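Asks: These protein sequence lines map, in sequence, to chains Z and Y.
Residue numbers in the first sequence follow the working numbering, run continuously in steps of one, and reach 70 at the last position.
Residue numbers in the second sequence follow the working numbering, run continuously in steps of one, and reach 70 at the last position.
Rather than coming from a laboratory, the hints here were simulated on the basis of the structure.
Hints are supplied without guarantee of correctness; some may be wrong.
Since the list gives no way to pick out one identical chain from another, each pair is judged satisfied if it fits inside one copy or across any two copies.
Straight line, CA to CA, 30 angstroms or less: simulated DSS-like cross-link-like pairs of lysine-lysine [unchecked claim]:
id	residue 1	residue 2
1	54	9
2	30	-10
3	9	-10
4	30	54
5	49	30
6	-10	54
7	-10	49
8	0	30
9	30	9
10	0	49
11	30	-8
12	0	54
Here the structure is a predicted model, which means the values were calculated and not measured.
What follows is the residue order along each chain.
There are 2 protein chains.
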Amino acid sequence: MTKFKARITVTLKAGVLDPQGKAIESALGGLGFSGVDAVRQGKVFDVTLHAATSADAETTLKSMCEKLLANTVIENYAITVQG
Amino acid sequence: MTKFKARITVTLKAGVLDPQGKAIESALGGLGFSGVDAVRQGKVFDVTLHAATSADAETTLKSMCEKLLANTVIENYAITVQG
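Excised from the complex, chain Z in its bound form:
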């Protein structure tokens, strides 16, 4: 079993309302940042796990996303496995 580090990025699908992003957008405006068009907020998970191969690690991580980490009705996820 090798140790792998992976990053999972979970973002809202296009078209899904993001009130938190909107709030950040207006807070940035209030702080004097002009020219901000849009802000969307997402989550990132840095997972360290043991697996036989990098492909195995990716399969496990995909299953984690489907079962726990992402709500696939409204969210997309992306997985990057580092060495």
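Starting from the structure of chain Z, add chain Y where the hints point.
Replies: Just chain Y, lined up with the frame of chain Z:
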């Protein structure tokens, strides 16, 4: 003014306790995922903004992180500007 898309990733500094990450770790264990060593949770912000150059956009984004998006006492941030 050109439109730039950027991704800001905010993660907890090493050594800072992450109870949310710990909770996810034990939830994954409860779901039968073995071999998980550690989970750390962070935030991601997808910002669309107008700026003269990519370097200008990066300067603005850095300032946004320092002032609002990251708590630099306990968090690190990384900025990636796409075309």
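Asks: Would you mind marking each hint as holding or not holding in the structure?
Replies: Going through the hints against the structure:
With identical chains, the CA atoms of residue 54 and residue 9 are at most 30 angstroms apart both within one copy (28 angstroms) and between copies (17 angstroms). Within a single copy, residue 30 and residue -10 get their C-alpha atoms as close as 23 angstroms, and across copies as close as 24 angstroms, so both meet the 30 angstroms cut-off. With identical chains, the CA atoms of residue 9 and residue -10 are at most 30 angstroms apart between copies only, with a shortest distance of 18 angstroms across copies and 38 angstroms within one. When the C-alpha separation of residue 30 and residue 54 is checked against a cutoff of 30 angstroms, the pair qualifies both within a copy, at 16 angstroms, and between copies, at 20 angstroms.
Both within a single protomer and between protomers do residue 49 and residue 30 lie at most 30 angstroms apart by alpha-carbon distance, with minima of 15 angstroms and 19 angstroms respectively. With identical chains, the CA atoms of residue -10 and residue 54 are at most 30 angstroms apart within one copy only, with a shortest distance of 22 angstroms there and 36 angstroms across copies. Proximity of residue -10 and residue 49 under a CA criterion of 30 angstroms is satisfied intra-copy only: 17 angstroms inside one chain copy versus 33 angstroms between copies. In the homo-oligomer, the alpha carbons of residue 0 and residue 30 lie at most 30 angstroms apart both inside one protomer (13 angstroms) and across protomers (16 angstroms), since each shortest distance falls under that limit.
Taking identical chains as interchangeable, the C-alpha atoms of residue 30 and residue 9 lie at most 30 angstroms apart whether they share a chain (16 angstroms) or sit on different chains (15 angstroms). In this homomeric assembly, residue 0 and residue 49 come within 30 angstroms of each other (Cα to Cα) both inside a single copy, at 17 angstroms, and across copies, at 26 angstroms. Taking the shortest alpha-carbon separations for residue 30 and residue -8, both the intra-copy value of 17 angstroms and the inter-copy value of 17 angstroms come in at or below 30 angstroms. Taking the shortest Cα distances, residue 0 and residue 54 sit within 30 angstroms of each other both inside one copy (18 angstroms) and across copies (27 angstroms).
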